[in-house]
Structure formats: structure tokens, C-alpha cells
Amino acid sequence: MPLLFALVSLLSFHVRAAFSAHCSSTTPTRTFEKCATLPTQQASMAWTFHPHNATLDLVFFGTFISPSGWVGWGINPSSAEMTGTRSLIAFPDPNSGQLVLLPFILDPEVKLQKSPPLSRPLDIHLLSSSATLYGGKMTTVHSGAAIQIYATLKLVPNKTKLHFVWNRGLYVQGYSPTIHPTTSNDLSSIATIDVFSGFSAAHRDDTRTLKIVHGFLNAVSWGVLLPIGAATARYLRHVQALGPAWFYVHAGIQLCAFIIGTIGLGELSPGVVYGLHRKLGFAAFSFGALQTLALLFRPKTTNKFRKYWNLTTIL
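Numbered by mature numbering (1 follows the signal peptide of the UniProt record, and there is no 0), the letters in the sequence shown go through residues -17 to -1, 1 to 298 in order.
I should point out that these hints are in silico values taken from the structure, not numbers from a laboratory. Keep in mind that a hint or two might mislead.
[What the hints assert, rightly or not] Below are the DSBU-like pairs computed for lysine-lysine, each with C-alpha atoms no more than 35 Å apart in a straight line:
{"hint": "1", "residue 1": "Lys142", "residue 2": "Lys97"}
{"hint": "2", "residue 1": "Lys262", "residue 2": "Lys144"}
{"hint": "3", "residue 1": "Lys142", "residue 2": "Lys194"}
{"hint": "4", "residue 1": "Lys262", "residue 2": "Lys142"}
{"hint": "5", "residue 1": "Lys137", "residue 2": "Lys97"}
{"hint": "6", "residue 1": "Lys94", "residue 2": "Lys144"}
{"hint": "7", "residue 1": "Lys97", "residue 2": "Lys144"}
{"hint": "8", "residue 1": "Lys17", "residue 2": "Lys97"}
{"hint": "9", "residue 1": "Lys194", "residue 2": "Lys94"}
{"hint": "10", "residue 1": "Lys137", "residue 2": "Lys194"}
{"hint": "11", "residue 1": "Lys17", "residue 2": "Lys137"}
{"hint": "12", "residue 1": "Lys194", "residue 2": "Lys97"}
{"hint": "13", "residue 1": "Lys94", "residue 2": "Lys262"}
{"hint": "14", "residue 1": "Lys97", "residue 2": "Lys262"}
{"hint": "15", "residue 1": "Lys144", "residue 2": "Lys194"}
{"hint": "16", "residue 1": "Lys262", "residue 2": "Lys194"}
{"hint": "17", "residue 1": "Lys94", "residue 2": "Lys142"}
All of these numbers come straight from a predicted model, not from anything done at the bench.
Working from the sequences, and respecting the hints, build out all of it.
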């Protein structure tokens, strides 16, 4: 038992040490009890939790990626995602150039870019908030400028596991931040942390299984079955023993490929464009649809349009 206790204690120490590595719990004006390096954007956070009155003092450390950009941090009361986050976003004032910090509630319309985010009071117990640039009052916002966002919150009693969300963008239109970059790194700026114990919870990607199915179905349809169908038309048609059966084998394989490929298509990332991946998908679907239509409207060998049909099969 003493050995088991020692091993558990050692493991706990290493987990806690790894969690707090490369983060700072001090600022020029305050010292906090705990800190954590966040998984993306070289961001980190430090905090002090007061159990007797369930208040949380914290600071978020982030960096700007543009002189006219923004940096935001917030808490989602219900789930580990952007939608529903109560956030504090800092950016240079469009008129004076001074750093401002405004509250925003990120509704679904904001994520889908149906409406710009507008500042409004938060419906959580935010007692105070402020933002400063690392380097003092004379420091200006520039690409790579470090910022500290301070907040003091009143938490719900016995609810110390919080979903933190943070991000940064290139531009601000008026007093509305524009969309942040949509790389996988920027889309993963979420962490669930127990501010009492200091431990973080691993996040499960709910769409991972669907992505695997999407990749498998499309690989089988466009990458395997469609080429096999084309090969049957090219080589089996010259086998006299098969007669017209080669065409039905070819048509069956091509049709299965198109149906499976269509099932494999999906769009579960509103507002996120995957560029080349998306274009290749459209191209594969278009050629597959053309092949399928060619099977349904196959003219007889004596028809004057037969040569055009032959052209579609070559394509």
C-alpha cells in the first residue's frame, strides 16, 4: 500500500507539472495560485479560486496577429464550443487607437456569419474586467503584441469545472470583430479546466467518427469502385464470350460508386471552407454524375448522338 500511494502521488505530481509547464502565474500587478498552458495559439491562463465565496480571479495571456486585429477569451456555461460563449474581446479603438475591452455573447448567428457580433452585457456574474498590453501604457497594438485580459467572476457554488474558449482575428469592422482564421489549430481553441483542482479534461471530437466514415466512403467510391468500373468498360468489352454482359457489370459498378460517393458527401462545418479538398470533391461528384447520366441515357449504336455519348464515357 505505501508503494501504491507513492506511485499515485508521483503520477499526480507529474500530471500537474506537465499541465502547468511553460505558463506564468505572475503579472506586473498580481500573483495567482495556479496557471495552465492552453493547447493552441501559445496562449496561457492563470487564476486564483476563492472557495469561501466561489469567486475566481484570472488572467488570460494572448497575442495579436494583426495591428488592427482582436484577441478574445470567454467562458461557455453549458458546453465546450464557441456557440454560447460569454466572451471579453480586446482590440484597438477604431477612433482613438486605445485598447478597449468589450463583452460579447456568441450566438449561433455569429458562428454562421449571419450577423456581426454586437457588444452587449453578459448574463454571467462578471464582477470586473480589464485588459492591458504587455509592456505598459505606451505599448501599441502590433502583430505579436502580448495582451493580458483580467476578469473576476462569481461562480455557481460547487461548479468549478469551466469551459474556456479563446481566439484571435485579423480585423475589426467598427466595434465588431470579424471571423477568426479557420485552421484546425484555431478551431481547437477550447479547454475544460477544473479551477479548484487545476486539472483539465480531454475533449472528445464528436465529428471524428463521421469524418472517418466520410473519408472511407469517398475513398472506396471515387478511388476504388469508379476506376474499377472504368476498367471493366475498357477491357471486358473486347471479350466476345461476355457479350453485352460487360456493360451491365460496368453500369452496376459505376452506379454503386456514385451512390456510395453521394452518401459520403457531407457538410458539418458551417462557415469553414476547406479549399482544395472541397473543389476536388465537387469535381469527383460532377464526373460521377456525368457517368451515371450516361448510363441512363445510352443511345443505340445507330443513333446519331452515339458519338457524343462515347465522348462522355471517355471523359
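So if I understand the rule, the pair passes when the alpha-carbon distance is 35 Å or less; does Lys144 with Lys194 pass?
With Cα atoms ~29 Å apart, Lys144 and Lys194 stay inside 35 Å; holds.
Is Lys142 within 35 Å of Lys97, Cα to Cα?
holds, 33 Å
Lys94 and Lys262: Cα distance at most 35 Å?
Given that 35 Å is the threshold and the Cα spacing comes to 23 Å, the pair holds.
Holds or violated: Lys142 with Lys194, Cα cutoff 35 Å?
holds, 33 Å
Given pair status - Lys142, Lys94, alpha carbons within 35 Å:
This hinted pair holds, its Cα atoms lying about 27 Å apart.
Measure nothing beyond the straight line between the CA atoms of Lys137 and Lys194; if it is 35 Å or shorter, mark the hint as holding.
Not OK: Lys137 and Lys194 at ~39 Å, beyond 35 Å, violated.
With a cut-off of 35 Å on the C-alpha distance, tell me whether Lys17 and Lys137 pass.
Within the cut-off at roughly 18 Å; holds.
Satisfaction of hint between Lys142 and Lys262, Cα-Cα up to 35 Å:
Outside the cut-off at roughly 46 Å; violated.
Hinted pair Lys194 and Lys97, Cα distance within 35 Å
Within the cut-off at roughly 26 Å; holds.
Are the Cα positions of Lys94 and Lys144 separated by 35 Å at most?
holds, 24 Å
Is the Cα-Cα distance between Lys97 and Lys144 35 Å or less?
Distance of about 31 Å is within 35 Å: holds.
Are the Cα atoms of Lys97 and Lys262 separated by 35 Å or less?
Holds, at roughly 24 Å.
In terms of the numbered hints stated before, the structure departs from hints 2, 4, 8, 10, listed from lowest to highest.
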